[in-house]
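Number of protein chains: 2
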Amino acid sequence: MAKAIITEQNYIAGNWVTGKGKEFRSYYPATAENGKIYIEADQEQVDVAVEQATKAFETVKKKSIAERAAFLESIAEELEDLGDELIEVCDMETGLGEVRLKGERARTCAQLRAFSALVKQGHWQQARIDTALPERQPLPKPDIRRIFRPMGTIAVFSASNFPLAFSILGGDTASAIAAGNCVVVKAHPSHPGTSRLCAEAMQRAILKNNYPPEMFSMIQGVSPEVSQALVQHPQLKAVGFTGSTHVGRILFDLGASRPNPIPVFAEMGSTNPMIILPLAIANNGVEIAKGLANSITLGTGQFCTKPGLILILKNKNSLEFVGNLKNALESISIGHFLNTRIQNSFQKDVKKTATVTGIEMVSTKDEGGKLFEIDAKHFLQSPKLEDEIFGPAAILINCDTINQINKIIETFGGHLTGTIFADGDPELPSIKDSLENKVGRLIFNGFPTGVEVCPSMHHGGPYPSSTFPATTSVGTAAIERFCTVKCYQNIPEELLPKALQNKNPDKILRMVNGVYTTEDI
Amino acid sequence: MAKAIITEQNYIAGNWVTGKGKEFRSYYPATAENGKIYIEADQEQVDVAVEQATKAFETVKKKSIAERAAFLESIAEELEDLGDELIEVCDMETGLGEVRLKGERARTCAQLRAFSALVKQGHWQQARIDTALPERQPLPKPDIRRIFRPMGTIAVFSASNFPLAFSILGGDTASAIAAGNCVVVKAHPSHPGTSRLCAEAMQRAILKNNYPPEMFSMIQGVSPEVSQALVQHPQLKAVGFTGSTHVGRILFDLGASRPNPIPVFAEMGSTNPMIILPLAIANNGVEIAKGLANSITLGTGQFCTKPGLILILKNKNSLEFVGNLKNALESISIGHFLNTRIQNSFQKDVKKTATVTGIEMVSTKDEGGKLFEIDAKHFLQSPKLEDEIFGPAAILINCDTINQINKIIETFGGHLTGTIFADGDPELPSIKDSLENKVGRLIFNGFPTGVEVCPSMHHGGPYPSSTFPATTSVGTAAIERFCTVKCYQNIPEELLPKALQNKNPDKILRMVNGVYTTEDI
Chain A
1 MAKAIITEQN YIAGNWVTGK GKEFRSYYPA TAENGKIYIE ADQEQVDVAV EQATKAFETV
61 KKKSIAERAA FLESIAEELE DLGDELIEVC DMETGLGEVR LKGERARTCA QLRAFSALVK
121 QGHWQQARID TALPERQPLP KPDIRRIFRP MGTIAVFSAS NFPLAFSILG GDTASAIAAG
181 NCVVVKAHPS HPGTSRLCAE AMQRAILKNN YPPEMFSMIQ GVSPEVSQAL VQHPQLKAVG
241 FTGSTHVGRI LFDLGASRPN PIPVFAEMGS TNPMIILPLA IANNGVEIAK GLANSITLGT
301 GQFCTKPGLI LILKNKNSLE FVGNLKNALE SISIGHFLNT RIQNSFQKDV KKTATVTGIE
361 MVSTKDEGGK LFEIDAKHFL QSPKLEDEIF GPAAILINCD TINQINKIIE TFGGHLTGTI
421 FADGDPELPS IKDSLENKVG RLIFNGFPTG VEVCPSMHHG GPYPSSTFPA TTSVGTAAIE
481 RFCTVKCYQN IPEELLPKAL QNKNPDKILR MVNGVYTTED I
Chain B
1 MAKAIITEQN YIAGNWVTGK GKEFRSYYPA TAENGKIYIE ADQEQVDVAV EQATKAFETV
61 KKKSIAERAA FLESIAEELE DLGDELIEVC DMETGLGEVR LKGERARTCA QLRAFSALVK
121 QGHWQQARID TALPERQPLP KPDIRRIFRP MGTIAVFSAS NFPLAFSILG GDTASAIAAG
181 NCVVVKAHPS HPGTSRLCAE AMQRAILKNN YPPEMFSMIQ GVSPEVSQAL VQHPQLKAVG
241 FTGSTHVGRI LFDLGASRPN PIPVFAEMGS TNPMIILPLA IANNGVEIAK GLANSITLGT
301 GQFCTKPGLI LILKNKNSLE FVGNLKNALE SISIGHFLNT RIQNSFQKDV KKTATVTGIE
361 MVSTKDEGGK LFEIDAKHFL QSPKLEDEIF GPAAILINCD TINQINKIIE TFGGHLTGTI
421 FADGDPELPS IKDSLENKVG RLIFNGFPTG VEVCPSMHHG GPYPSSTFPA TTSVGTAAIE
481 RFCTVKCYQN IPEELLPKAL QNKNPDKILR MVNGVYTTED I
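Here the protein sequences line up with chains A and B, keeping their order.
In case it helps, UniProt numbering puts the first sequence at residues 1 to 521.
In case it helps, UniProt numbering puts the second sequence at residues 1 to 521.
Calculated from the structure, these hints are not laboratory results.
One or more of the hints may lead you astray.
Stated by the list, open to error - Simulated pairs of lysine to aspartate or glutamate, EDC-like, Cα-Cα distance not exceeding 16 Å:
(1) A:K62 x B:D433
(2) A:K438 x B:E58
(3) B:K407 x B:D433
Quick caveat, the model's predicted, so the values are computed rather than measured.
Based on the sequences and whatever the hints tell you, model everything.
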């Protein structure tokens, strides 16, 4: 189904332009056909995007909080106004289906609006003021004020598995713009048409809100060179990335090894260990098995929070639990893989896992989710089993004792989430203690898929699940990644950022002389 | 003046032990004599320190907020109880003089007490709670709670120029312990005896407060291998460093290139550019020249915030200003250099600077502070002039236009501070705008030396002044460097950190369902 080349697929510094790099084809998972031909940007075009954004930053950083909030709201509106076309193109390119994609669009718009509301609230700027004490001995104390300020130009790398919520106008872009920055997004080659539409929506929002068009670029890219040029541009200030540990680490290393290092906030997924204690299985095993099978196969298992390791104690109930899990898994029809690379890599990982000494494939359906079973002793001999299999697969580990469970937990690297199912089990506190060291989000009697977008969410965890474990890519705290800090000593009031001036008309929560208050000074 | 070897100079995991590494001598700057012989730790001893601290962390992280606050208070008391001996030994090793060192001890104790008060206040934990909505459609919303938690074992590298305030019990150690961590400090070889005394004070505070002795180690080290072993230990979670750009970058690279990367928060000093506009010189030139000369020579110029670049507009008053500055500088007797390495490096830097095309040495006194003068054109041809000369030296740049000043500012890398003297000058806003991009703290009509320890202080700046510009090493916000984030979903209340439980007896400020409150839930 070859089609004519559509030019002007890169949106660079306010202009739709033809890429000067390599050609690549989009792919339609539901029909397994190749789609349109795209041309990626080249290094020179990447440079233009970053340099123009950096110039535009001098205008963008002066936008008022109200203007910034209105801009974010407007981006959400323009995204909604793309209507059915967006869902159709996105479904064609991802095979994720209309229901999921409409839900994801709603989440993406809700994220943009949450950041709009946050920006207006103002407390995220962490304004702190210590007023002068001119009479202090032996030296007078100056007036000092400190606040979060935008950084400049931020690069965002789109994820394959969230074509809207972690792509062109997704959480990274929304939080970077909410913090007052300019953004250059590298589109994911899995959904270039979706990306093009989203960039059009952004273009309209920029024009409507009188933002400088150069403040945003969307770059198509399939070659590593495009990503490298972007991360290495001397004017770039930070990077947001969601994807594989392999690519995330390459970008992190590029950022850290620059002459002027920058943070690459990479969220690289994990295996999300789950410990299901005996009483929970005894009291509620059937339901847990059903929920777990759903969580493993949700979105064809293509979630960073898919539970991939399940630790249970072998006892009289555990055999039945494994049977229930196998049956539940086999009763679910899994969907499409996002692209052939993910599909091939999943099949390769499953094949390789099946060859591990002591492992057994429990699930038998060719097309369904995959469940492996292994005992603790053999698991401990194969540390590679902790690595993420991206797709609908999980490994169940039969342990003999709680000590063995804790021993396995101790061998873990870092994961985004860790889950414990317990039902009055006396072992809960000790397992909670050891699992907490290894994960960002600890879940009790629930499933890790389904990440709430709210102020208290933390979507990050010890390495390798993310490069900066104290930061999150989901929820309003994500804004903190793209802020820097500025401090002003005895600066004339009219030159201070509004949130640091004496009057506080917006009732922003500020720390004044060590005490939180919304009052004027 | 050779002395017998004093063994047991390393405090490792609760024991005073003899180092197994290289011998080195302390140095007494005031008499230019070599002092005692010390033996540094070896790699194996570093490993013991980190591993034992990491084990102790399981106990330390369970200490209550009240226990942690009392511990910090107790460290301050023990430091004070070292009495005159500390000041004598420290003066001998640094030549900084009794007045300065008593002031620095007071600052160090004040820092410890400020962190004690902060810990009790609790808001620094940034507790956020979103309560459950079990009836929400299409899916129930779980209960999610998020909070700052300690990281584990932190390495602190002592600075030469603050033998108390940025050494064994200085700001990095205080903030790391305030956050609930264990600490391994590498002592600076410039003041090993001072370090030993401070570690003894720490040992007493640990025992009095029933903290596990293994939670703290003080390691003597002069070889790069000791520092490398510390930063590369797989169990280490973060590093605090104050020192040169050269060493800071080496440690940063070591931290970033680990199999599991860790942040190295390096504060690496800067040249602290100062712009003095014509009206300020016209109205107040004599006083500014005097203050500037004091700031350049304070502590023999061995401060991270010493002003090293002074930009002025050449006009009818500027010649007189330079003369006043030269005279003020020559009227000040500079003190001792902290060690021969710093002294030699200062002399080398001064000699090298004097050879730059177009530069002239204005100051003539052999032993005093050094002032160079250059015009903007020649300065722009010698980018190396932006580098810090550690010691009492500064370069004055004569500019022809405000545009030229702004052009020079644009060439700058990052600095901790930037200062503007202006007196109704219409150019202030534009200069403030461009300088703000290049510095962490912007100062108006004042001098950068003298860093307030308060909540709004920011002692950090764009690279190369620090590796993470959004973090500070001075002031209470320094605690944030050594915190990670944990998130709890539907976790039984009794297993949550106290600050996330429903009852809020300590009236900690928390964000509950998006709104800040000190109420119970």
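Q | A:K438 paired with B:E58 [C-alpha distance capped at 16 Å] | A | At roughly 13 Å apart (the allowed maximum being 16 Å), B:E58 and A:K438 satisfy the hint.
Q: Would you mind confirming whether the straight-line C-alpha gap from B:K407 to B:D433 stays at or under 16 Å?
A: With a Cα-Cα distance of about 13 Å, the restraint between B:K407 and B:D433 holds, given a limit of 16 Å.
Q. Does A:K62 pair with B:D433 here, judged by a C-alpha cut-off of 16 Å?
A. Between A:K62 and B:D433 the Cα gap is close to 10 Å, so the pair holds against 16 Å.
Every hint from the earlier list agrees with this structure, and none is contradicted.
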